[in-house]
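Q: Sequence:
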Amino acid sequence: MDEDKALYPPIDPFSAGARGRCPRCGEGKLFDGLLKVRPACTNCGLDYSFADSGDGPVVFVLLIVGFVVVGAALWMEVNYNPPLWVHFLLWIPLVIGLGLWLTRILKGLLITLQYRNNARPGEIDRG
1 MDEDKALYPP IDPFSAGARG RCPRCGEGKL FDGLLKVRPA CTNCGLDYSF
51 ADSGDGPVVF VLLIVGFVVV GAALWMEVNY NPPLWVHFLL WIPLVIGLGL
101 WLTRILKGLL ITLQYRNNAR PGEIDRG
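In my numbering, the protein residues as written are 1 to 127.
Calculated directly from the structure, the hints in this document are not laboratory data. A couple of the hints might just be wrong.
As the list claims (entries may be wrong) - Per label pair, the in silico range of CB-to-CB distance:
hint: 1; residue 1: Arg120; residue 2: Asn79; range: 21 to 27 Å
hint: 2; residue 1: Leu34; residue 2: Ala72; range: 20 to 26 Å
hint: 3; residue 1: Gly45; residue 2: Phe14; range: 45 to 51 Å
hint: 4; residue 1: Phe67; residue 2: Leu89; range: 19 to 25 Å
Unchecked claim - Each computed EDC-like pair below joins lysine to aspartate or glutamate, with the alpha-carbon atoms no more than 20 Å apart:
hint: 5; residue 1: Lys29; residue 2: Asp12
hint: 6; residue 1: Lys29; residue 2: Asp47
hint: 7; residue 1: Lys29; residue 2: Asp52
hint: 8; residue 1: Lys36; residue 2: Asp52
hint: 9; residue 1: Lys36; residue 2: Asp47
hint: 10; residue 1: Lys36; residue 2: Asp55
Treat the numbers as computed from the prediction; the structure is a model and nothing was measured. Note that the Cβ used here is the ideal one computed from N, Cα and C, for glycine as well.
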């Protein structure tokens, strides 16, 4: 992560993160599959070993998806009162799909912001 950044034009971390692109060049893929981060960029060779999104994106996904789906399910129950199987048929696929899609976007965003801000693990200053 200490390479010379002058060779690469600055990119928007929000667009690169949402598209799942390299935080340095904006061209290479960040993910290998759905949520697994690649070892390095295929375009510029940036080592992604610094990337540790942890549980941050998942917490926000749970809060956002939970708010949307529970609100929609309650609204549907109050207004239409469908049978229970309709709730299962609608909301379980929506939670899974929306959760995976939003997790990928937020994980990519967090990794690109870590690169842009040169984030490092916390250290204790022993003076």
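Q: So, for every hint listed, does it hold in this structure?
A: Quick rundown of the hints versus the structure:
{"no.": "1", "hint": "Arg120 to Asn79: 21 to 27 Å", "verdict": "violated (50 Å)"}
{"no.": "2", "hint": "Leu34 to Ala72: 20 to 26 Å", "verdict": "holds (24 Å)"}
{"no.": "3", "hint": "Gly45 to Phe14: 45 to 51 Å", "verdict": "violated (23 Å)"}
{"no.": "4", "hint": "Phe67 to Leu89: 19 to 25 Å", "verdict": "holds (21 Å)"}
{"no.": "5", "hint": "Lys29 to Asp12", "verdict": "holds (15 Å)"}
{"no.": "6", "hint": "Lys29 to Asp47", "verdict": "holds (12 Å)"}
{"no.": "7", "hint": "Lys29 to Asp52", "verdict": "holds (16 Å)"}
{"no.": "8", "hint": "Lys36 to Asp52", "verdict": "holds (11 Å)"}
{"no.": "9", "hint": "Lys36 to Asp47", "verdict": "holds (14 Å)"}
{"no.": "10", "hint": "Lys36 to Asp55", "verdict": "holds (14 Å)"}
Of the numbered hints given earlier, the model fails hints 1, 3; all others are met.
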